[in-house]
Amino acid sequence: AQSVTQPDIHITVSEGASLELRCNYSYGATPYLFWYVQSPGQGLQLLLKYFSGDTLVQGIKGFEAEFKRSQSSFNLRKPSVHWSDAAEYFCAVGAREAGTALIFGKGTTLSVSS
Amino acid sequence: DVKVTQSSRYLVKRTGEKVFLECVQDMDHENMFWYRQDPGLGLRLIYFSYDVKMKEKGDIPEGYSVSREKKERFSLILESASTNQTSMYLCATLARDNPQHFGDGTRLSIL
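Protein chains in written order, with my numbering: chain A, 1 to 114; chain G, 1 to 111.
By construction, these hints were calculated from the structure, which means they are not laboratory data. Hints may be right or wrong, so weigh each one.
[Unchecked claim] In silico DSSO-like links for lysine-lysine, alpha-carbon gap of 30 Å or less:
1. G:K71 / G:K57
2. A:K61 / A:K106
3. G:K3 / A:K49
4. G:K57 / A:K49
5. G:K70 / G:K13
6. G:K71 / G:K18
7. G:K70 / A:K61
8. G:K3 / G:K57
9. A:K61 / G:K55
10. G:K57 / G:K18
11. G:K70 / G:K3
12. A:K49 / G:K55
13. G:K13 / A:K49
14. G:K3 / G:K55
15. A:K61 / G:K53
16. G:K53 / G:K3
17. G:K53 / G:K18
18. G:K55 / G:K18
19. A:K68 / A:K49
20. G:K18 / G:K3
21. G:K13 / G:K57
22. A:K106 / G:K3
23. G:K18 / G:K70
24. A:K106 / A:K49
25. G:K53 / G:K71
26. G:K57 / A:K61
27. G:K53 / G:K70
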């Protein structure tokens, strides 16, 4: 079965500390992988994507993610968290074929403490 | 920049009403999607469309229908609204080799 697992429902990080949000996927085809962020009351904004090539991808707002095929993981990282990073983060997997919807994880809520 | 516009940010309706949620995109993308988002459940796919007048059921289509008469517009219809359809509804578009782009969502309350 195709699925995305975000093991952490809620994470609290101190401002300035590093962050890693975990994502594991199960997908039959070659995966396209994404991280989205959602601020309260807003839609989803794309942080970064992996289609192919370099397994370390850079995104917006200082985020990066590393694709590890052997571990079926696509973890999101940021070296120094800012209070404005508090939001809900979604990992998603999809295929290249037209008409294929993304499969989303259930999300991780990030709180930032001062 | 891709723009996906959902007609209402907040909507309150009564049980039994027929409810229309509208989504318009400006990028000529073939694929459009409707999700609902509930706490602890993430995003669940209701319906999607890969072309005008074409539609496919997603994971939770019961109680919903869709319409795509024009490429830029994808409507979600609640045939007879019920309280368990109170949720955040998100529309998205997709072009080949590109990530999905989302609207800001419609928070729908059914009383």
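Consistency of the hints with the structure:
no.	hint	result
1	G:K71 / G:K57	holds (18 Å)
2	A:K61 / A:K106	holds (22 Å)
3	G:K3 / A:K49	holds (19 Å)
4	G:K57 / A:K49	holds (26 Å)
5	G:K70 / G:K13	holds (26 Å)
6	G:K71 / G:K18	holds (23 Å)
7	G:K70 / A:K61	violated (36 Å)
8	G:K3 / G:K57	holds (24 Å)
9	A:K61 / G:K55	violated (36 Å)
10	G:K57 / G:K18	holds (19 Å)
11	G:K70 / G:K3	holds (16 Å)
12	A:K49 / G:K55	holds (26 Å)
13	G:K13 / A:K49	violated (37 Å)
14	G:K3 / G:K55	holds (22 Å)
15	A:K61 / G:K53	violated (38 Å)
16	G:K53 / G:K3	holds (21 Å)
17	G:K53 / G:K18	holds (21 Å)
18	G:K55 / G:K18	holds (20 Å)
19	A:K68 / A:K49	holds (14 Å)
20	G:K18 / G:K3	holds (27 Å)
21	G:K13 / G:K57	holds (24 Å)
22	A:K106 / G:K3	holds (25 Å)
23	G:K18 / G:K70	holds (21 Å)
24	A:K106 / A:K49	holds (18 Å)
25	G:K53 / G:K71	holds (9 Å)
26	G:K57 / A:K61	violated (35 Å)
27	G:K53 / G:K70	holds (8 Å)
Hint violations for this structure: numbers 7, 9, 13, 15, 26, all remaining hints satisfied.
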